[in-house]
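Student: Given next are the chains, with one letter for each unit.
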Amino acid sequence: MISTIAITTAPINYQRLVEEVRTPAAGAVVLFLGTVRELTAGKQTLSLVYEAYTEMAQKQMAAIAEEAATRWPIAKLAAVHRIGPLGLGEVAVAVALSTPHRAAAYEANTWIMEAIKARVPIWKQEHWADGTTEWQHPSS
Amino acid sequence: MISTIAITTAPINYQRLVEEVRTPAAGAVVLFLGTVRELTAGKQTLSLVYEAYTEMAQKQMAAIAEEAATRWPIAKLAAVHRIGPLGLGEVAVAVALSTPHRAAAYEANTWIMEAIKARVPIWKQEHWADGTTEWQHPSS
Amino acid sequence: MQVAVLLFARLKELVGSAAVTLTIPSAGTVADIRAALGDAYPQTQPLLAHLLIAVDKEYAAPDTRVLPTSEVVCFPPVSGG
Amino acid sequence: MQVAVLLFARLKELVGSAAVTLTIPSAGTVADIRAALGDAYPQTQPLLAHLLIAVDKEYAAPDTRVLPTSEVVCFPPVSGG
Numbered sequence: 001m002i003s004t005i006a007i008t009t010a011p012i013n014y015q016r017l018v019e020e021v022r023t024p025a026a027g028a029v030v031l032f033l034g035t036v037r038e039l040t041a042g043k044q045t046l047s048l049v050y051e052a053y054t055e056m057a058q059k060q061m062a063a064i065a066e067e068a069a070t071r072w073p074i075a076k077l078a079a080v081h082r083i084g085p086l087g088l089g090e091v092a093v094a095v096a097l098s099t100p101h102r103a104a105a106y107e108a109n110t111w112i113m114e115a116i117k118a119r120v121p122i123w124k125q126e127h128w129a130d131g132t133t134e135w136q137h138p139s140s
Numbered sequence: 141m142i143s144t145i146a147i148t149t150a151p152i153n154y155q156r157l158v159e160e161v162r163t164p165a166a167g168a169v170v171l172f173l174g175t176v177r178e179l180t181a182g183k184q185t186l187s188l189v190y191e192a193y194t195e196m197a198q199k200q201m202a203a204i205a206e207e208a209a210t211r212w213p214i215a216k217l218a219a220v221h222r223i224g225p226l227g228l229g230e231v232a233v234a235v236a237l238s239t240p241h242r243a244a245a246y247e248a249n250t251w252i253m254e255a256i257k258a259r260v261p262i263w264k265q266e267h268w269a270d271g272t273t274e275w276q277h278p279s280s
Numbered sequence: 281m282q283v284a285v286l287l288f289a290r291l292k293e294l295v296g297s298a299a300v301t302l303t304i305p306s307a308g309t310v311a312d313i314r315a316a317l318g319d320a321y322p323q324t325q326p327l328l329a330h331l332l333i334a335v336d337k338e339y340a341a342p343d344t345r346v347l348p349t350s351e352v353v354c355f356p357p358v359s360g361g
Numbered sequence: 362m363q364v365a366v367l368l369f370a371r372l373k374e375l376v377g378s379a380a381v382t383l384t385i386p387s388a389g390t391v392a393d394i395r396a397a398l399g400d401a402y403p404q405t406q407p408l409l410a411h412l413l414i415a416v417d418k419e420y421a422a423p424d425t426r427v428l429p430t431s432e433v434v435c436f437p438p439v440s441g442g
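Protein chains in written order, with our numbering: chain S, 1 to 140; chain B, 141 to 280; chain X, 281 to 361; chain E, 362 to 442.
Because the hints were derived from the structure by calculation, they are not lab data. One should not assume that every hint holds.
In silico SDA-like cross-links for lysine to any residue, where the CA-CA straight-line distance does not exceed 20 Å [stated by the list, open to error]:
#1 LYS292/X / GLU207/B
#2 LYS257/B / GLU351/X
#3 LYS292/X / THR273/B
#4 LYS337/X / GLU207/B
#5 LYS418/E / GLU55/S
Chain E stretches covered by chain S per the calculated footprint, using a threshold of three residues with CB under 8 Å from any CB of chain S [what the hints assert, rightly or not]:
#6 364-378
#7 382-389
#8 411-423
We treat Cβ as the ideally placed atom computed from N, Cα and C, and that holds for glycine.
Bound conformation, chain S alone (with noise of 0.2 Å):
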């Protein structure tokens, strides 16, 4: 049900996630993309580093699935966080899943990339146009 779960510095190939979650048993397929945005409340982004305390992000992702698999009819899921240097444009983060009807599959997918972005341990540090760096550390 659960298939690849993973913390990688390599570019995330989305359509073989999405491959590997289609299935004849789903009607429905949610696939997300978190990609490289360009501007952040006026500042222009040249780069992002993404820092990971790789073994436990990836228990985390593992533990969200599962929780989300028990919440939800999901059929196959796959979820992968890319760490390391980003340029512009680029997947940062990619969830795909697959459920018999299309609510869930929706509901799912917004779940767990909440849960993604609330207690997976990685961090991202924005490369400004203007020369600086700056670590992203949300109500701190």
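Put chains B, X and E on the given structure of chain S with help from the hints.
Tutor: Just chains B, X and E, lined up with the frame of chain S:
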């Protein structure tokens, strides 16, 4: 902003749609795929046939896309519905879009799929494993 | 006035044809199309309550006027997606 | 007791090292780790209120016991995704 909007008999290349909507202006991409499910309320499907009133379906799809773009800050949007015979697991409909932030991408995609299912003149005929066929017409 | 009407899906199956010609009053409306279809093809009665009618590729209200040049299409509730 | 502690992101940057050794009482807890970090590296004070601490790769409550063999990691709020 709105790129591909199509009704087609060809297999849907969802990767092309995702690549169309990816942009450094947006941080979130959501792709929905509706695929042919093997079991519906315990009955086994062999295949589906989708029929469309094609010109009107195309117009309705475009109208839905334009309405979505007034409701959410959609950076790019692509939607394709396949018609004709489809086998188990094949993609019947794909909606891909990008927005600056995550929540809007899920919401807009959910709304578009609901609008497609409510308003676009396309009909599904089940070809059941027992040899019978049946047009699906909700609430009729 | 005679109007050519296209049919889809279960409605087409019930009538046995993808197109029929219906006779409605000369200042007729979409409501007249619905009634004429039910009269000419009684086997469509179970679908009539939920039947959708499009004129010139837009959903049409019952009081929409139908012209001899209108493209009129009747179909059951949609089930794409 | 001396405990090796790993640091990440802004915390690592403030301290200037990815790993430090902190001294806590012999039956010490996660709360003692937090206090010892702030004492030894006053520049981390702005982050301490929201600091997260993991013991053996699980989020740890303030009263979680720390053993000499524990893998202890401190980090600011996460910002992946």
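Student: Look at each hint and say if it fits the structure.
Tutor: Evaluated hints:
1. In summary, the hint linking LYS292/X to GLU207/B is not supported, as the alpha carbons are separated by about 31 Å, beyond the 20 Å threshold.
2. Among the hinted pairs, LYS257/B with GLU351/X is inconsistent with the structure: their alpha-carbon atoms are about 23 Å apart, more than 20 Å.
3. As the CA atoms of LYS292/X and THR273/B are separated by approximately 14 Å, the hinted pair is consistent with the 20 Å bound.
4. For the given pair, LYS337/X sits about 18 Å from GLU207/B by alpha-carbon distance, which is consistent with the 20 Å threshold.
5. With a CA separation close to 7 Å, the supplied pair LYS418/E and GLU55/S stays within the 20 Å bound.
6. Given as covered by chain S, the segment 364-378 of chain E passes the check, having 5 residues with a CB less than 8 Å from a CB of that chain where 3 are the minimum.
7. Proximity of the segment 382-389 of chain E to chain S, defined as three or more residues with a beta carbon under 8 Å from a beta carbon of that chain, is not established by the 0 residues found.
8. As drawn, the segment 411-423 of chain E meets chain S at 6 residues by the rule of a beta-carbon pair under 8 Å; at three or more, the given contact holds.
Hint compliance for this structure: hints 1, 2 and 7 are not met, and every other hint is.
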